[in-house]
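S.K.: These are the residues of each chain, in order.
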Amino acid sequence: MLNMGPSHPAMHGTTRIMLELDGEKILNAELEMGYLHRGFEKTCENKTYFNLLPYTDRLNYVSPLINNLAYVMTMEKMLGIESPERAQYIRVIMCELSRVCDHLTALAAMCMECGAFTVFLYKMKAREFIWDVMEQTTGARMTTSYIRIGGVRADLHPDWRTTLKKAIDETRKVLKDIHGLMSKNKIFLNRTRDIAVVSPEFAINYSWTGPCLRSTGVNYDVRKAHPYLVYDKLDFEIPLGERGDNYDRYMVRMKEMEQSLRIVEQCMEKLDRDSSPGQLMAKGIEPAEAIKTSRVKKVEERIKLSPNLEGAEKDKYKDILFDGKKYIVPPKEDTYTNIEGLISHFKFFMKGHGIRPPKGEVYFSVEGGSGELGFYIVSDGTDEPYRLHLRAPCFHIVSSLEEIIRGHYIADVIPTFGSMNMIGGELDR
Amino acid sequence: MAMEKEEIIDALKQNFSEKIKNISVQFGDEIIVIDKNSLLDVVKFLKAEPYAFTMLLDLTCVDYKGEELRFEMVYHLFSLTTNIRLRIKTRLLEKDPGIDSLTSVWKNANWLEREVYDMFGIRFDGHPYLRRLFMYDGFEGHPLRKDYPLRKRQPRIRMKK
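Protein sequence lines correspond, in order, to chains H and G.
Numbering-wise, the first sequence is residues 0 to 428 according to numbering that gives the first Met the number 0.
Numbering-wise, the second sequence is residues 0 to 160 according to numbering that gives the first Met the number 0.
Everything labelled a hint here was simulated from the structure, so no lab data went into it.
None of these values were measured; they are calculated from a predicted model.
Accuracy of the hints is not assured; some may be wrong.
Claimed, not checked - Within a straight-line C-alpha distance of at most 27 Å, the following computed DSS-like cross-link-like pairs (lysine-lysine) qualify:
(1) LYS303/H to LYS269/H
(2) LYS64/G to LYS12/G
(3) LYS350/H to LYS145/G
(4) LYS313/H to LYS325/H
(5) LYS358/H to LYS64/G
(6) LYS350/H to LYS76/H
(7) LYS76/H to LYS145/G
(8) LYS43/G to LYS46/H
(9) LYS46/H to LYS145/G
(10) LYS317/H to LYS232/H
(11) LYS76/H to LYS20/G
(12) LYS358/H to LYS4/G
(13) LYS313/H to LYS303/H
Generate the whole structure from the sequences, applying the supplied hints.
M.R.: Structure representation (structure tokens):
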């Protein structure tokens with residue numbers, strides 16, 4: 000008997016595997032999880048639809064924007080609203096960058112656990128450049144809460160093209176380096192080729208999705224099967240594997256990152272029009288002054304907003320948010336200067352008054368970093384969800400680990416577990 | 000030739016006429032409410048050709064506290080060949096919250112059912128290893144039930160030997 004984890008460097012912090020061994024061969028394995036369980040679903044049932052958005056960031060903390068998107072798109076399906084086209088392209092850019100981040104992190108961890116520390120550092124470097132773009136756009140690196148019901152929180156930064164180009168170029172360079180370092184590396188091949196081979200039937204029976212399913216040769220991607228946002232207008236391929244072993248799971252992710260970068264470039268071209276030239280924040284009158292003026296007459300001048308609200312000025316709302324007062328945060332300019340704006344601000348945030356979808360239940364899913372990420376929400380007509388359930392992609396994948404590693408050696412557990420991309424945040428919820 | 004949702008629903012109606020309680024559409028999703036005793040038959044029928052719902056996308060439960068049929072089991076099936084998602088629901092009595100396990104049909108039902116057992120206390124007949132998944136052994140109550148308070152504290156437990 001051997002106990003792997005929960006504080007084992009290759010267990011990603013939060014899983015424990017109990018192994019029954021014969022020498023180094025695994026006879027039986029049992030997974031114990033729940034070390035990161037924080038009652039996500041219970042918490043959400045006691046929060047309003049708007050308030051629970053930040054909790055979705057913490058599910059898959061490597062690609063928070065896709066989690067935001069999955070939740071928000073589910074709500075939009077329920078409310079029957081659609082975001083403006085510009086917002087959709089921004090969403091796609093951000094989600095594809097998140098997907099690259101997710102794959103980079105997964106593979107970085109996998110390669111590092113196989114002994115390739117250089118690769119880990121290279122990948123972290125590439126991720127840093129992508130996070131620069133995210134920081135510039137969303138204001139945060141990990142806990143973004145950027146995608147909102149009806150659109151996105153703020154428009155892209157005036158300087159976004161330079162940062163994004165740099166991120167794409169640097170990531171491409173890193174991917175090339177990693178192909179050179181790993182793809183034909185004998186040590187890596189020995190650890191991954193023909194280890195933990197998974198047949199398509201097995202994968203489907205366990206309801207695998209995402210890169211892991213595609214590594215077995217099954218062509219299923221939510222972006223192609225049930226297109227959402229503007230994915231049907233974009234040109235990209237779905238890389239498939241052949242054997243379904245660890246190496247294929249690595250290779251599919253590598254190829255997928257290239258496709259994601261392609262998508263981002265296409266979106267860059269489509270977004271030819273930059274948002275209204277941003278003289279922006281620095282100019283204009285102080286909010287306090289505007290409030291004072293609004294008591295006697297209508298305020299015509301631009302108001303100097305907090306830098307935190309950059310990109311969310313009133314004149315950008317039509318580009319980035321759905322046109323409907325009930326579902327979006329009213330622009331700050333209105334809140335400061337007229338009574339209607341103030342009332343709608345309070346109405347939006349007051350308990351019992353915010354977003355109240357019709358009664359019913361809805362399921363919607365998007366393609367997350369490691370597979371189909373779906374939300375199932377039951378609404379009872381109030382402003383809090385009656386039941387919120389998350390379909391976490393890696394839950395289904397990790398649940399098959401016990402069976403996959405049976406008959407293999409202890410050393411094989413590590414690349415296998417790494418190639419599955421277990422994310423404690425969404426597995427344990 | 001892609002199969003339509005209507006075809007599948009018609010076939011279900013024909014084969015399980017008295018077992019199907021209700022069929023409705025909400026926000027574009029088909030919902031089929033069935034009798035809890037026919038669950039295994041219905042999913043086996045759907046999993047076989049030509050419908051080929053080979054994936055159990057999701058399995059969860061909703062607690063309608065105060066109703067006699069308190070627990071609602073929700074199954075999401077997906078077919079790779081026809082690209083259709085289907086939602087199957089069934090209600091369980093508050094006094095006797097038990098249902099057939101799907102572990103013989105789909106392997107990922109194992110953990111999904113353990114999670115539902117952990118969070119709602121639903122008994123799955125025929126499950127090979129029904130044990131709490133997220134919570135520890137010795138945890139009192141079922142956290143996702145509506146009568147479990149949000150900030151309830153648990154008593155201390157003894158350390159395992």
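S.K.: Now tell me if each hint is right for this structure.
M.R.: Against the structure, the hints come out as follows:
The suggested pairing of LYS303/H with LYS269/H is violated, with an alpha-carbon distance near 31 Å, which exceeds 27 Å. A C-alpha spacing of about 30 Å is found between LYS64/G and LYS12/G, which places the hinted pair above 27 Å, so the restraint is violated. Between LYS350/H and LYS145/G the alpha-carbon distance is near 20 Å, which keeps this suggested pair within the 27 Å criterion. Pair hint LYS313/H plus LYS325/H holds up; C-alpha atoms about 16 Å apart against a cutoff of 27 Å.
A hinted pair counts as satisfied when its Cα atoms are at most 27 Å apart, and LYS358/H with LYS64/G qualifies at roughly 17 Å. Pair hint LYS350/H plus LYS76/H holds up; C-alpha atoms about 22 Å apart against a cutoff of 27 Å. Between LYS76/H and LYS145/G the alpha-carbon distance is near 26 Å, which keeps this suggested pair within the 27 Å criterion. In summary, the hint linking LYS43/G to LYS46/H is not supported, as the alpha carbons are separated by about 38 Å, beyond the 27 Å threshold.
Taken as a hint, the LYS46/H and LYS145/G pair is honoured in the structure, with Cα atoms around 14 Å apart against an allowance of 27 Å. Distance check on the hinted pair: LYS317/H and LYS232/H sit about 22 Å apart at the alpha-carbon level, within 27 Å; holds. Between LYS76/H and LYS20/G the CA atoms are separated by roughly 26 Å; this keeps the pair inside 27 Å, and the hint holds. For the suggested pair LYS358/H and LYS4/G, the alpha carbons sit about 24 Å apart, so the restraint of at most 27 Å is met.
Under the criterion of a C-alpha separation no larger than 27 Å, the hint pairing LYS313/H with LYS303/H is consistent with the structure, at around 12 Å.
Of the numbered hints given earlier, the model fails hints 1, 2, 8; all others are met.
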